[in-house]
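Enquirer: Protein sequences, first through last, are from chains A and B. Sequential numbering from 16 applies to the first sequence in the working numbering. Sequential numbering from 1420 applies to the second sequence in the working numbering.
Hints in this document: simulated from the structure, not taken from any laboratory. All residues carry an ideal CB built from backbone N, CA and C; glycine is no exception. Watch out, some of these pointers could steer you wrong.
[Unchecked claim] A partial selection of chain A residues facing chain B, derived with a Cβ cut-off under 8 Å:
(1) ALA32
(2) ALA53
(3) GLY58
[As the list claims (entries may be wrong)] Now the in silico label distances, taken between C-beta atoms and shown as ranges:
(4) A:PRO82 <-> B:VAL1484: 27 to 35 Å
(5) B:THR1595 <-> A:ARG47: 37 to 45 Å
(6) A:SER40 <-> B:VAL1489: 28 to 36 Å
(7) B:VAL1593 <-> A:HIS54: 37 to 45 Å
(8) B:ARG1551 <-> A:PRO27: 19 to 27 Å
(9) B:VAL1489 <-> A:LEU100: 52 to 60 Å
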Amino acid sequence: MTPTPEPPDRDPMLADAWRAYSRESPPEALDRRILAAAHRAAGSGPRSAAKATGATAATRPQRWWMPLAAAATIGVIAVGVLQSLPDDHDLLSVTEPAAPESADVREQAVAPTGQKDAASAVSGRDAAPAAEVASAMKKPRAEVQSAEKTGSGNETAMAQESKRSAEGVAQQRRPQAPQPASVPKLPSLPPPPPLERESAVGSGKLDAARTQAPVPFPAAAAPRSAPSASQESDARMSARNDASVERQQHAAAPKLESRERRDDSRAGAGDAVTSLTQKSALADELRAKARDPDAWIARIRKLRDEGDTAQALREVRDFRSVVPDAERRLPGDLREWADARQQ
Amino acid sequence: MEGSPAPADSDESLMLAYGAGRAAAFDVLYARHKGGVYRYLLRHCRNAGIADELFQDVWMNAIRVRASYVPTARFTTWLYTLAHNRLVDHWRASGQARLVSIDDDNDREACDAIIALPGKAADEPEARAQTRELGAQLQQALQALPSEQRDAFLLQYEGGLSLAEIAQLTGVGVETAKSRLRYANAKLRDALRPLREEWS
Chain A
16 MTPTPEPPDR
26 DPMLADAWRA
36 YSRESPPEAL
46 DRRILAAAHR
56 AAGSGPRSAA
66 KATGATAATR
76 PQRWWMPLAA
86 AATIGVIAVG
96 VLQSLPDDHD
106 LLSVTEPAAP
116 ESADVREQAV
126 APTGQKDAAS
136 AVSGRDAAPA
146 AEVASAMKKP
156 RAEVQSAEKT
166 GSGNETAMAQ
176 ESKRSAEGVA
186 QQRRPQAPQP
196 ASVPKLPSLP
206 PPPPLERESA
216 VGSGKLDAAR
226 TQAPVPFPAA
236 AAPRSAPSAS
246 QESDARMSAR
256 NDASVERQQH
266 AAAPKLESRE
276 RRDDSRAGAG
286 DAVTSLTQKS
296 ALADELRAKA
306 RDPDAWIARI
316 RKLRDEGDTA
326 QALREVRDFR
336 SVVPDAERRL
346 PGDLREWADA
356 RQQ
Chain B
1420 MEGSPAPADS
1430 DESLMLAYGA
1440 GRAAAFDVLY
1450 ARHKGGVYRY
1460 LLRHCRNAGI
1470 ADELFQDVWM
1480 NAIRVRASYV
1490 PTARFTTWLY
1500 TLAHNRLVDH
1510 WRASGQARLV
1520 SIDDDNDREA
1530 CDAIIALPGK
1540 AADEPEARAQ
1550 TRELGAQLQQ
1560 ALQALPSEQR
1570 DAFLLQYEGG
1580 LSLAEIAQLT
1590 GVGVETAKSR
1600 LRYANAKLRD
1610 ALRPLREEWS
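Using the sequences provided together with the hints, build the complete structure.
Expert: Structure (structure tokens):
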């Protein structure tokens, strides 16, 4: 477009004369001023290439919602993390390392028996009970820490008690050597629903979910642990020395007793796993009771009046172990009655 | 967009490049057209100070509207349109419907100023004297032209515009522009003929 054709009617003689004559140019100062202004203008705001083609208008609607979408996404993630973090922090941190350990134990326990079918049948269910064991081990530590922070005496006692029992069971489980498990071939069971736990965690009802968690079917846990008879007896001894374990056994008594009758080894393995779950529930229960000592005393009195002496005595013992000023709170008649009965 | 623009780049691409923020493109454009635009304004207003002011306004306007520049026509046409419009504004502001009347050929001051402007340094004294005399004659004859004819002549000889472009720029038909240009050429040739005959 730039090349200028010579006008056809341009007079050559006049053009030569004009070229010889017309040679003026603007002053240099004016040149510098204009060029400086041009450079300033270009440096201040270069025009984008998209502007000339109208692409700006086409892309504008796509640009404005991107920051909003990003902010909304970040907000949703942040709320989700904040909701799940306080309740499930320890659970999440322990679940991952616990799973391989349980897998190893399962392989050691099942491989000698050659019951690969049973192993394959329960392989899908191992992660969830292992997570429960890990959470049960982890939870008492967290309880101790939280109780120490709050300075509450009864909660500290309960947490420490729960921690001791969990560690005892864990020690019982760790040195397990490969033992031929006398476990019959297992029927394939549906895997435990993991979403139930997640939803409980997400809604902040983890404690309720733990207390209401169904007792794992012993057959599912048997190939994984399969403790020896001496280890079972050790576990039971340590558990019976603990008052909370007694309560847990009492609560799970009907189921556990019937299973023990069927198969000692299966019941022992199930007992180990179940005890952890029950201890967790027991700790929650004791904590709930300790919050209202008067109601607890009324319940003990009621048990005594109904003739359930053993249960009433256990309640008195728990009361004394959990409530800091138990002796002052405990009515004289109950105290004397309990002392007399225990002697 | 990086680097200095090539000299062969068209005016239009240079202006687009400048609109996109490439300041070096403007330097090339300015070097190409500053003389023509300046002389166009100077021949019309015959005052170097006013010509400087108008010249600066024209280029500042080009800088200001760089972003909206669309190469629908030659850049030269667009640039001389800016110069022509600025000149018309100047005429209106100064109360002159026409800057120079047909009979106005007595502005010796402007003529002297133009003649006094430096020529080529290598010019011989005799040739320089002839050029001065030729320039004076041309200046005289140019000022004697009607402003429309002078405008058409300057647009063609300084801006290099075609007849169609001159017609478009001045808002007249091509035939009218052609007629104006023919009259202007004839008058200027007549004014220079005695000198030519004398020199030859």
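Enquirer: Indicate, hint by hint, whether the structure satisfies it.
Expert: Structure-based check of all given hints:
1. Interface hint status for ALA32 of chain A: upheld, as the beta-carbon distance to the closest one in chain B is roughly 6 Å, under 8 Å.
2. Given the 8 Å rule on beta carbons, the hint for ALA53 of chain A holds: about 4 Å separates it from the nearest Cβ of chain B.
3. Hint on GLY58 of chain A holds. Least Cβ distance to chain B is approximately 7 Å, under the 8 Å limit.
4. Hint check: PRO82 of chain A to VAL1484 of chain B, Cβ distance near 33 Å, so the stated range 27 to 35 Å holds.
5. Between THR1595 of chain B and ARG47 of chain A the C-beta distance comes to about 40 Å, which sits within the given range of 37 to 45 Å.
6. A C-beta distance of roughly 29 Å is found between SER40 of chain A and VAL1489 of chain B, which places it inside the suggested range of 28 to 36 Å.
7. For VAL1593 of chain B and HIS54 of chain A, the Cβ-Cβ distance of about 39 Å falls inside the hinted range of 37 to 45 Å, so the restraint holds.
8. The beta-carbon spacing between ARG1551 of chain B and PRO27 of chain A, approximately 22 Å, falls within the hinted interval of 19 to 27 Å.
9. For the pair VAL1489 of chain B and LEU100 of chain A, the beta carbons lie near 59 Å from each other, so the given range of 52 to 60 Å is met.
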